[in-house]
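> One letter stands for each residue in the lines below.
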Amino acid sequence: MAEGEVLARGPVATGVDVAAVFAASYRRLVVQLYGVTGNAGEAEDLVQEAFVRAYAAGARFRRVDNPEAWLRVTAINLHRTRWRKMRNFARIKDRITGPPDLPGLEEHWEVVDALRRLPENLRVVLVLHYLADRQVHQIAEELGVAEGTVKSRLSRGRDALAAELGQEERS
Amino acid sequence: MSESRLRAFAERAELLVDLPDVEALERRGSDVRARRRTTTAAVALLVAIGGTVAVQERFQRADEPDKVDTPGRPVVPYPGNQMHDLAAGTYELTPSSVRGDPTALITLPTGWNSWEGPNRFDGHQSDDPTAGRYNDVPLASLTWYVGVLVVKVLGISEDACLTTPGHYRFVETYAESVAAFSDLPGYRMVAAPREEMAFGRRATHLVLRPRDVVDTCVHEAGVFLTSANGDIGGEEHLELWVVDVDGVPLTVMKGATGEVPPEILAEQSAVVDSIVFRTHQDN
Numbered sequence: 001m002a003e004g005e006v007l008a009r010g011p012v013a014t015g016v017d018v019a020a021v022f023a024a025s026y027r028r029l030v031v032q033l034y035g036v037t038g039n040a041g042e043a044e045d046l047v048q049e050a051f052v053r054a055y056a057a058g059a060r061f062r063r064v065d066n067p068e069a070w071l072r073v074t075a076i077n078l079h080r081t082r083w084r085k086m087r088n089f090a091r092i093k094d095r096i097t098g099p100p101d102l103p104g105l106e107e108h109w110e111v112v113d114a115l116r117r118l119p120e121n122l123r124v125v126l127v128l129h130y131l132a133d134r135q136v137h138q139i140a141e142e143l144g145v146a147e148g149t150v151k152s153r154l155s156r157g158r159d160a161l162a163a164e165l166g167q168e169e170r171s
Numbered sequence: 001m002s003e004s005r006l007r008a009f010a011e012r013a014e015l016l017v018d019l020p021d022v023e024a025l026e027r028r029g030s031d032v033r034a035r036r037r038t039t040t041a042a043v044a045l046l047v048a049i050g051g052t053v054a055v056q057e058r059f060q061r062a063d064e065p066d067k068v069d070t071p072g073r074p075v076v077p078y079p080g081n082q083m084h085d086l087a088a089g090t091y092e093l094t095p096s097s098v099r100g101d102p103t104a105l106i107t108l109p110t111g112w113n114s115w116e117g118p119n120r121f122d123g124h125q126s127d128d129p130t131a132g133r134y135n136d137v138p139l140a141s142l143t144w145y146v147g148v149l150v151v152k153v154l155g156i157s158e159d160a161c162l163t164t165p166g167h168y169r170f171v172e173t174y175a176e177s178v179a180a181f182s183d184l185p186g187y188r189m190v191a192a193p194r195e196e197m198a199f200g201r202r203a204t205h206l207v208l209r210p211r212d213v214v215d216t217c218v219h220e221a222g223v224f225l226t227s228a229n230g231d232i233g234g235e236e237h238l239e240l241w242v243v244d245v246d247g248v249p250l251t252v253m254k255g256a257t258g259e260v261p262p263e264i265l266a267e268q269s270a271v272v273d274s275i276v277f278r279t280h281q282d283n
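First to last, the protein sequences are chains A and B.
Per full-length UniProt numbering, residue 1 is the first one in the first sequence, and the count goes up by one each step.
Per full-length UniProt numbering, residue 1 is the first one in the second sequence, and the count goes up by one each step.
There may be inaccurate statements among the hints.
[Claimed, not checked] Pairwise CB distance ranges (calculated):
{"no.": "1", "chain 1": "B", "residue 1": "191", "chain 2": "A", "residue 2": "107", "range": "53 to 61 Å"}
{"no.": "2", "chain 1": "A", "residue 1": "113", "chain 2": "B", "residue 2": "18", "range": "43 to 51 Å"}
{"no.": "3", "chain 1": "B", "residue 1": "92", "chain 2": "A", "residue 2": "156", "range": "44 to 52 Å"}
{"no.": "4", "chain 1": "A", "residue 1": "159", "chain 2": "B", "residue 2": "23", "range": "38 to 46 Å"}
{"no.": "5", "chain 1": "A", "residue 1": "148", "chain 2": "B", "residue 2": "18", "range": "14 to 22 Å"}
These are calculated hints, taken from the structure and not from any lab test.
No residue lacks a Cβ here, since even glycine has one placed at the ideal position from N, Cα and C.
Sequences are here, hints too, so could you generate the full structure?
Right under this line is the structure:
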């Protein structure tokens with residue numbers, strides 16, 4: 001189900017409660033943030049924090065046109081903020097322990113690892129386009145960048161991901 | 001091929017995500033709301049009692065520039081981005097790291113905090129002179145924030161929500177600065193830029209708001225590259241003046257985030273109105 005089908009129309013747009021958005025979107029958002037961060041635990045934490053902010057926002061959240069997009073942008077921005085503050089610690093920790101993965105995903109680890117190796121700006125655009133089903137103009141709006149920038153990042157991201165996966169397959 | 005593998009990963013991963021207790025998230029959200037309401041009400045009451053009177057007595061209006069008497073006003077060098085309380089008084093800001101560039105005098109009432117520019121936020125412990133060093137505690141849970149910056153902007157982010165410095169549109173002249181601010185990524189202009197006299201000088205006035213989708217990141221991202229403070233973030237409500245100070249373009253930014261009480265907004269306006277530029281010839 002594409003998020004816009006239910007969340008941008010119907011009851012959500014006019015003020016459904018956060019719990020309904022949670023039931024419809026939580027898992028999908030965690031996977032998207034997993035793609036962005038490369039860390040399943042971090043993704044869960046960020047999405048939960050975004051829902052806390054949605055509850056705290058009250059009526060302001062209920063008025064947004066697309067609650068799932070609001071939650072995703074909030075979670076991505078939380079990630080960026082934390083990354084700025086904790087990047088050195090996070091790098092050291094990941095080097096020691098390795099970033100957490102979702103158990104049961106073994107057959108997809110190549111994809112997860114390939115995503116992790118991409119620059120974050122390419123990774124975010126790929127995730128928004130392929131995992132969140134967002135069109136170029138919607139990604140541009142969500143990230144506050146020009147459509148041309150999104151197209152360029154999408155193209156470079158596709159090439160980079162294919163190259164990473166190609167290397168995995170060859171090795 | 002790689003796209004289909006990406007989608008296959010997402011479909012599988014979605015089945016593996018455990019749902020947390022949504023009621024616990026709701027309780028945390030409700031707690032945040034309750035704290036926000038309590039703090040805002042308390043601050044609004046305090047400001048209503050004392051703030052308005054102090055502001056009225058202390059400040060001179062910008063439309064009365066002849067009454068500004070900078071030579072006789074005791075001026076304290078602004079401490080810069082050290083987090084602590086500022087005593088009421090007039091401070092000299094240094095917007096540029098270039099020796100000989102203009103400085104700015106700014107007058108503050110009590111209750112303001114030192115950072116890149118003076119700021120004020122809920123939870124500020126201005127009654128306790130030793131509490132300044134703890135301002136990072138209320139900063140972590142604030143519900144509103146106002147700040148005033150006087151900066152020499154060298155570059156403007158080419159990307160909203162930028163997290164790593166390095167992607168700037170560089171500006172040198174007054175005209176380049178106005179053009180770049182008029183096209184600030186992630187922001188929309190509330191009204192067309194207006195050329196006017198401000199702070200006794202030629203200036204362009206702009207009022208900007210972040211686009212809805214980026215309003216959660218603007219104060220965290222490096223929006224502006226400045227001469228004296230490196231990269232700094234934006235605010236939810238951003239009003240600014242690009243000022244031609246004897247050929248040097250300096251920018252006065254009046255930023256606000258959150259539900260700021262009207263008394264605080266009035267106080268912030270008075271702080272902006274107090275700004276007087278001091279050039280090399282004045283010294």
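> Run every hint past the structure and note whether it holds.
Against the structure, the hints come out as follows:
Distance hint for residue 191 of chain B and residue 107 of chain A: a CB-CB separation of about 55 Å, consistent with the stated range 53 to 61 Å. Checked against the hint of 43 to 51 Å, the C-beta distance between residue 113 of chain A and residue 18 of chain B comes to roughly 23 Å, which is inconsistent with it. The beta-carbon spacing between residue 92 of chain B and residue 156 of chain A, approximately 47 Å, falls within the hinted interval of 44 to 52 Å. Separated by about 45 Å at the C-beta atoms, residue 159 of chain A and residue 23 of chain B satisfy the suggested range of 38 to 46 Å.
The hinted window of 14 to 22 Å between residue 148 of chain A and residue 18 of chain B is violated, with their beta carbons roughly 40 Å apart.
When each numbered hint is compared with the structure, violations occur for hints 2 and 5.
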